[in-house]
Amino acid sequence: MSLFIDAFITSTLLAAFFSIAALGLNVVFGVMRIVNLAHGEFIVMGSYLAIALALHYNFNPVLSLAVIVPFFFVVGLLLYFPIVPRLQKSDDPEMGSFILFFGVSFALEGIAVQMFGVNYQSLSYSVFRPLHVSTLGTTIPTAWVVTALVSVAAIVLVYLYMYRTGLGLQTRALMINREEAMANGVSVNRVSAIAFGISIALAASAGAFSSFISYPTTPSIGDTFTLISFAIIIIGALGNPFATVVGAIVFAFAYGYTDIYEPNWSALVPFVILIAVVLARPQGLLGRKAREF
Amino acid sequence: MGTGSSPPASSGSAGRGKSSSRNAVIAVIIAIIVVAAGVTAYVLTRPPSTSSKQSITIGTLYASSGSFALSSGFQLSGLKYWINQTNANGGIYVSSLGKKLPLTLITYDDQSSTTTALTEYTNLITQNHVDILVADFGSVLTDPAIAVAKEHHVLLFDPTASTPGYFNASNPYLVDLSIRVSSQWPLVLADYLVSQKVNIPNVAIVYSDNAFTQAQAQTLDSTLVAAGITPVYYQSTADTSTAQYATLLDSINATHPDAVLNFGYDTNDIAFYSALAADNMHFNFVFTIYSGLEYAVLKAQTPAGSLNYTYTYASPPDVQYSNVNLGPTTSAFVSDWTGVFGSAPNFNNIAGYNAGLLIGKMITTAGSLNQTSLRQAANTLSGNTTTLEGPFLINTTTGAQHGMPMDLLQYQPTSSGLTPVIIYPTSLATGTAIYPSPSVVTQSNVLVYSQPAVPSLPLSAYSSATTALFFQSVLLYDPGMSTPAIREM
Amino acid sequence: MNFRRFFLSNPKKISTDAALLIVPLAALFILGPMVITNQAIFMELAVYIMLADALNIVYGFTGYLPFGFGVFFAVGAYGTAILITHDAWPVGASIIAGACFAALLSLLFTPMLRLSGAYFAISSMAAFEAVYLIFSNTQLTFLTGGPYGITFTQVYNPNLDYMIAAILAAVSALVVLLISKSTFGIALRAIREDRFAVELSGVSSLRYRTYAWLISSFVSGIAGGLYGWYLGFFYPEAVFSLTDFSVLVIIFVLFGGRGTVYGPVIGTVILFLAYQLLSLYSANLLLIIFGVLLVLLVLFIPNGIEPLFRKIVKTIFPPGGSD
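Chains as they are written, first to last, in this note's numbering: chain A, 559 to 851; chain B, 25 to 513; chain C, 4 to 326.
Be careful, since some hints might not be right.
Covered stretches of chain C, going by a simulated chain A footprint (3 or more residues, C-beta under 8 Å) [claimed, not checked]:
(1) 66 to 72
(2) 114 to 123
(3) 127 to 133
(4) 140 to 151
(5) 301 to 310
If you want the footprint, here are the derived chain B segments under chain A, 3+ residues with CB under 8 Å [said to hold, decoys possible]:
(6) 89 to 96
(7) 258 to 265
(8) 273 to 282
(9) 324 to 330
If you want the ones that stay clear, here's a sample from chain B, every Cβ over 12 Å from chain A, calculated [as the list claims (entries may be wrong)]:
(10) His153
(11) Ser194
(12) Ser207
(13) Lys221
(14) Val230
(15) Asp245
(16) Gln268
(17) Ala295
(18) Asp303
(19) Ala320
(20) Thr362
(21) Gly366
(22) Gln395
(23) Ser406
(24) Ser461
Simulated from the structure, these hints should not be mistaken for lab results.
Cβ atoms here follow ideal geometry from the backbone N, Cα and C, with glycine treated the same way.
Build out the structure end to end from the sequences listed, making use of the hints.
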């Protein structure tokens, strides 16, 4: 029984972490219809920045968000303007973006290797006090609870932005129908650039906590994050940022519970769910229509 | 698309002639590009003119990125250290050439990709015509070289690939220099556990899915079962993340083991210890592979106190061989290395260096660079050579390494930090095991200069606990936290 | 259905195009290893040309990008290895059977062809990952060797393998040529331009895409079998490599010019050799250089170098008269 509860708690926390890790990817797809295969590399970059800040300035990861979020927001903007508008003028932006951002991920991994080397790096649980929290008969590190709370806070903030601001309204308009939104005077470039910046900032924020709950940070771990993020947003619904949370819950729980009973096959389960979801309901669990014929 | 510019079908013979001559031009251009690319490639890859042998070329691969980058870098720096040392002494005397030749190292970066490794190994053999071919770190990156080396009748010197399946009598072009074949690693460990049957009756074994760790888990499992100890948990896993290991540990804990043995690579071990700390779990006996092989990495990347009382394989530099007849003693090497690099070598550094030592000795013994003679030299040296890594003992038909034993040690906290204490075999023991391992307050050594320990609070005790906890955590960050980055050693 | 027309809409033009594909390829594969004696480079080149042609059939002609396309390559390699190890089949039969496995797998995946753009690309990536996790699973060690790899060095014959691969690389280029000239190819391209119009005119675009998908997976499977044979022993990661056997191939095709006959071949030859040289001589910058190259490629020459190539040819030899 306690095994069941342990897995429940771990999966819940993991779901929260994966939500923030994948959320930005979905925002970009929803707004721009482009697929950012370099998403995981931004998580890695965020992680490196958080580790550097902790090492040199003793910032804990929550505090380091004050640097990470604006920094990566600007990185997002700087990346957006030379690339995305041009990409969207091509005949098939969706497919083009796959390849283009794979290139970006290549380059970022190369840069990370040059800058940070190939060592494993991670933050210590001891940045947070008390070290552990006990609940329902299990003990979990405070760092995980903080990670989950930051994720929830980030999701709430994105929600507030989307549903309580003018720009958010325009963003949603773009997501629902690009042509109509443009016809109605939505400034595509401004809205998209901000959405892109938010997406990169979200990824980097997830990165600040990734070494606690998932993997130690290395330049090559980005692909894994990208793949997991993709699985999650597809299971949820492409283009609907809040369905990401549902995707993350399904993913984390499927993983967590198969890990108890069949650890050999646990890695396979999320992908099988993904394929099953895509075939039965390609729009995702919470999405609009996606199948063509 | 296709020949999209194809004009409306022309029927006249003149038209056809024109079209074919135009096509001829295209053909010529393609040919020019191909030849140009070929020539460029040739110029770039052309072997140096070898009128008379000026040096012994040693070719190897390393990974600057990807999953093997860290270990691969360790091995290469060990090999490089040996090459520099040898060159400082004027090189190696080759009797068939009647002179001392310096060593030249040719390396390519395979970035942990086996596809890239395949062409690069081939390049070392067919383009650079290296005299000595040394494999990259580990089984996965050695694998692409095995068939190619055999095909070209080049002896592959294998420092750290220990998969038993590689070694068979039909391949005389492979010799394992610096690592015991992995199926034999846990022999000492198994003996110990059998001897402690009464104290440690319940054993849990978890291993990650790859040849290196599976071979060990299997050997251990079968040895224990034969001795009447059936592991209470025996499971392989593909997990690598901390959260996944936490779940796995919950499953293991449910079987109430006395000993938990985790066979994995460094990433697995880091996740394993992080998860142990995360779950605040404690077992009386914890064993991992990489806490010994890459102690500094594990120490830096696992929660403080994780390695206290942990058991691991005892290999150099922890096991010190002083009775050597080739190269420096372990302790001499460690102090030399520390003098140069500022930190002690790890096992893979030593493995790279040891491979070099043995290669040098084989060249001297063979008296030539003939690959078959080199292989024979390995057989000659086997059984009567001891280096800083221990006795060199190979299966003379397959090339598998049976020497260089992996003993058992425990990291015991002392006033000067963690001390590796060799537990078993008793002939080598430098101390006795502390069993059951005391329940370490994993945070003890960070709390020293911080606020008084805040006891772990049950979450249910908080009414709106989460927010309170959140702010408390945010405010009380620990200034003593450190993430030392291990730069290349 | 008129099969002759289905396969060949303009049989006369084909022979010169065929010669233009085969002669340079033959020269490359025969002379190349004499100049650069590293046979492995040319072996991989042949394998990549096959893969590029296979991808071109799906991605180039129909516009569908299967991001996890490398799965057929890997299954081809495994099918071959398994039949040789367990059933002692002759190599040739094993490779063909391995390719049939790949084609069967592609049939299993046909429901995915109903998905649109990004869904298709990502779900094929998930399929890749799922198949990889199955083949590398410990519990299937008895069959696939699991994570411990599979050995079949008993039939190792790199020279013969290379010869066959070189010939089949040329054949795969011819297959693309045939398709491009056939009614089938025209239908595929029509699907890329406007699926809805094709459906409206009463042609099942799904059926055509399925054919393309089958051919493509079969060719990839052959390439996988030949590559596996060349290795003699491989770990799952050696053939299930998304970067090596999906992404690189996509890059080659895109660089050459998707949907063209010469593009994939030209793109593969130039970029693969460049990639090899870079990885031999400045590997630390390889990721960055290739990454930036990709970004520039998509932004500035989305149609690849084939049109550019064509233009150069035209400038040197301006078309006149009836031609």
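So Val230 of chain B supposedly isn't at the interface. Is its beta-carbon more than 12 Å from every beta-carbon in chain A?
8 Å, violated
How does the segment 114 to 123 of chain C fare against chain A when you require at least three residues with a CB closer than 8 Å, holds or violated?
Since three or more residues must qualify, the claim that chain A covers the segment 114 to 123 of chain C holds, with 8 doing so at under 8 Å.
Taking beta carbons only, do three or more residues of the segment 127 to 133 of chain C come closer than 8 Å to chain A?
n = 5 at 8 Å, threshold three: holds.
Just to make sure I understand the rule, a stretch counts as covered if three or more of its residues have a C-beta closer than 8 Å to a C-beta of the chain. Does the segment 273 to 282 of chain B meet that for chain A?
It holds: at least three residues are needed, and the segment 273 to 282 of chain B offers 3 whose Cβ sits within less than 8 Å of chain A.
For Ala295 of chain B, which was marked as not at the interface, is the minimum beta-carbon distance to chain A over 12 Å?
7 Å, violated
Against chain A, does Ser207 of chain B keep a CB gap of more than 12 Å to every residue?
21 Å, holds
Stated coverage of the segment 89 to 96 of chain B by chain A [criterion: 3+ residues, CB within 8 Å]
holds (count 5)
Looking at Gln268 of chain B again, its CB stays over 12 Å from all of chain A?
Gln268 of chain B is in fact no farther than 12 Å from some Cβ atom of chain A, at 6 Å.
With d taken as the least Cβ-Cβ distance between Ser406 of chain B and chain A, does d exceed 12 Å?
35 Å, holds
Beyond 12 Å from every chain A Cβ - status for Thr362 of chain B
19 Å, holds
Check the non-interface label on His153 of chain B: least C-beta distance to chain A beyond 12 Å or not.
30 Å, holds
Asp245 of chain B non-interfacial with respect to chain A [C-beta, more than 12 Å]:
Correct as stated: the minimum Cβ-Cβ distance to chain A is 16 Å, above 12 Å.
The structure is inconsistent with the numbered hints 14, 16, 17, 18, 19, although it conforms to all the rest.
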